[in-house]
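**Q** Using the sequences and the hints given, assemble the complete structure.
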Amino acid sequence: MLDALDKKLLKTVADLESLPKGAYNIRKNGKLLGRQVSANIAIDTNADGTGIIVTIKPGTKDESVHIPVILSQAGLYDVVYNSFIIGDDAEVTIIAGCGIHCGSSETEGHAGIHDFHVGKKAKVTYVEKHFAMGEGKGRRVLNPTTKVFLAEGATAEMELTQISGVDEADRLNEAILGPDSLLLITERVLTEGKQIAISKNNIVLNGSGSRANMISRSVMKGDSKQIFHANLEARTKCFGHIECDAIIMDNGTNETMPALKALHPDAELTHEASIGKIANDQLTKLMSLGLTYDEAVNRIIQGFLK
Amino acid sequence: MLELKNLYFAATSGAEDNGVPRKIIEGLNYNFEKGKFYVITGPNGSGKTTLAKLIMGINPVSSGSIIFEGNDISKLSITDRAKAGIAYSFQHPARFKGITFRDLLSIATGRNDDKFFQETLSRVGICPLSFLDKEIDATLSGGEIKKIELATTIAVNPKLAIYDEPDTGIDLWTIGPMVSLLKKELTPQTTTIVVSHNRAFLDIADVIIILKKGQIAYKGNLEKALPLLTDLSICTYPNKCEGDKDAGCLR
Chain S
1 MLDALDKKLL
11 KTVADLESLP
21 KGAYNIRKNG
31 KLLGRQVSAN
41 IAIDTNADGT
51 GIIVTIKPGT
61 KDESVHIPVI
71 LSQAGLYDVV
81 YNSFIIGDDA
91 EVTIIAGCGI
101 HCGSSETEGH
111 AGIHDFHVGK
121 KAKVTYVEKH
131 FAMGEGKGRR
141 VLNPTTKVFL
151 AEGATAEMEL
161 TQISGVDEAD
171 RLNEAILGPD
181 SLLLITERVL
191 TEGKQIAISK
201 NNIVLNGSGS
211 RANMISRSVM
221 KGDSKQIFHA
231 NLEARTKCFG
241 HIECDAIIMD
251 NGTNETMPAL
261 KALHPDAELT
271 HEASIGKIAN
281 DQLTKLMSLG
291 LTYDEAVNRI
301 IQGFLK
Chain U
1 MLELKNLYFA
11 ATSGAEDNGV
21 PRKIIEGLNY
31 NFEKGKFYVI
41 TGPNGSGKTT
51 LAKLIMGINP
61 VSSGSIIFEG
71 NDISKLSITD
81 RAKAGIAYSF
91 QHPARFKGIT
101 FRDLLSIATG
111 RNDDKFFQET
121 LSRVGICPLS
131 FLDKEIDATL
141 SGGEIKKIEL
151 ATTIAVNPKL
161 AIYDEPDTGI
171 DLWTIGPMVS
181 LLKKELTPQT
191 TTIVVSHNRA
201 FLDIADVIII
211 LKKGQIAYKG
221 NLEKALPLLT
231 DLSICTYPNK
241 CEGDKDAGCL
251 R
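Chains as they are written, first to last, in our numbering: chain S, 1 to 306; chain U, 1 to 251.
Simulated from the structure, these hints should not be mistaken for laboratory data.
Predicted model only: the values in this text are computed from it and were never measured.
One thing to keep in mind: the hints can contain errors.
Just a few of them, taken from the derived set where beta-carbon distance is under 8 angstroms, the chain S residues facing chain U [stated by the list, open to error]: (1) Gly209; (2) Arg211; (3) Met249; (4) Gly276; (5) Asp281; (6) Ser288; (7) Thr292; (8) Asp294.
Calculated pairs, EDC-like style, for lysine to aspartate or glutamate (alpha carbon to alpha carbon, straight line, at most 16 angstroms) [stated by the list, open to error]: (9) U:Lys36 to U:Asp206; (10) U:Lys83 to S:Glu295; (11) U:Lys36 to U:Glu135; (12) U:Lys97 to S:Asp180.
Beta carbons: idealized from backbone N, C-alpha and C, even for Gly.
**A** As structure tokens, then:
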């Protein structure tokens, strides 16, 4: 049921060689390709048939759900609405990702609208990879939206990666944090050629003792462009940090706008941002260990996006 | 094994020099012998680090030549000099994001096995095993990153090891072991050049070279060097000195 192309896309976005163990839901060209549930993880199509609802039983430990999406149909723009309900005290890893193969001159795209309801003291690790390939001239578009609601003591760790080949990306991440909850977001985006990637992040620290740390790493090759907005809003005693670094190669451009809003006297918010070429002392150091200039550049970028 | 022939280096000029290139190394001639321990010292601004960087290829030679094991390396890239067996330990090592000590060791030595790394660390002695997976980033202390820098240089078993101010940021308790380590690593196959003001390194040097205004003011043993060094230490910026009120003279 998986052809060679499907397998390549799945391998890249979800590290899957074949169908995964445990729960999964694979979507291909807007339709369900395969689904499996487990004793603790239920996957149901939502009421209007526009996506799925993944429900994790309270107390579930060390389980994972794969929900990759693959696209290879010319001209298709697939929009999907997925909800994740993670029960109290559960610990789960969700591996999402979208791989596009574009073989024609028509635009292909995917918009995954995801919302996460993370229960008390539950912990979710969300890994999402975006990748596109193919010889077609059509644009490959990915516009994901992620909304996270953290209950008291909940933790969400999100790794969002756009590897290569995506022409246009307009991402929106939103989060509302309850008391003593923790949100960690790491976003890595590599653009090249004429690609454009926009990332907007709105994080509201609503509960006392909540903490948020957003790390963004961007690399712009060719004539590509990236725009990064991060807004941290503190409504209570809390801690928030934004760290955004961008490396410009060739003629890439970058706009980075971290914003901090403290609406409470005990809010503690910090940010650090940098945009620039690869530092000379880093290149010199690696060349003094025997790497060529090009090898040193690749090694630095590889580490930066690791 | 390393010969400097009529070596000159002038830095690209800034506005303060009115467009005239600033001469930093002025006609050095010297022959470093295999298996010896050299310490290059001298006042601030005398050209010590510049000379070390000329040997590694980080600074381009303006004129003259550098002969390493019989080959003129003056035009070789940093990469090719590293491959020829020269290793360089920076005074202020670069910091990275996402590159660990293990990565650096693996890049430097081409090996990636834990056993080799453990042996290397126990040989170097100043880096605990827990350092291996530390990122070489801004969270490392000045001393930690210098220890890592030193260990990386030693791990490649270079023919020529250059250490620029290896004791910068190192605590007093580590300097003794570090000096012994560099001495221990000195084999008949290695030549060591240390740029330093630290007496601990001067004490163990086979040859001390004092640079002053880009030229060799002295070469020889410590005993005869000491009176000169005492003189030089009084004021390191004789031309810029503006008296006690201005700390800019950096006594």
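**Q** The structure should be examined with respect to each hint, and the outcome stated for every one.
**A** Results for each hint:
1. Gly209: 24 angstroms, violated
2. Arg211: 18 angstroms, violated
3. Met249: Not OK, violated: methionine 249 (chain S) not within 8 angstroms of chain U, min 15 angstroms.
4. Gly276: Nearest chain U Cβ about 13 angstroms off; hint violated.
5. Asp281: Holds, because the Cβ-Cβ distance from aspartate 281 (chain S) to chain U comes to roughly 4 angstroms (cut-off 8 angstroms).
6. Ser288: Holds: closest Cβ of chain U sits about 5 angstroms from serine 288 (chain S), inside 8 angstroms.
7. Thr292: With a closest approach of 5 angstroms, the threonine 292 (chain S) hint holds.
8. Asp294: Result: violated, 10 angstroms to nearest chain U Cβ.
9. U:Lys36 to U:Asp206: 6 angstroms, holds
10. U:Lys83 to S:Glu295: Holds, at about 14 angstroms.
11. U:Lys36 to U:Glu135: 34 angstroms, violated
12. U:Lys97 to S:Asp180: 29 angstroms, violated
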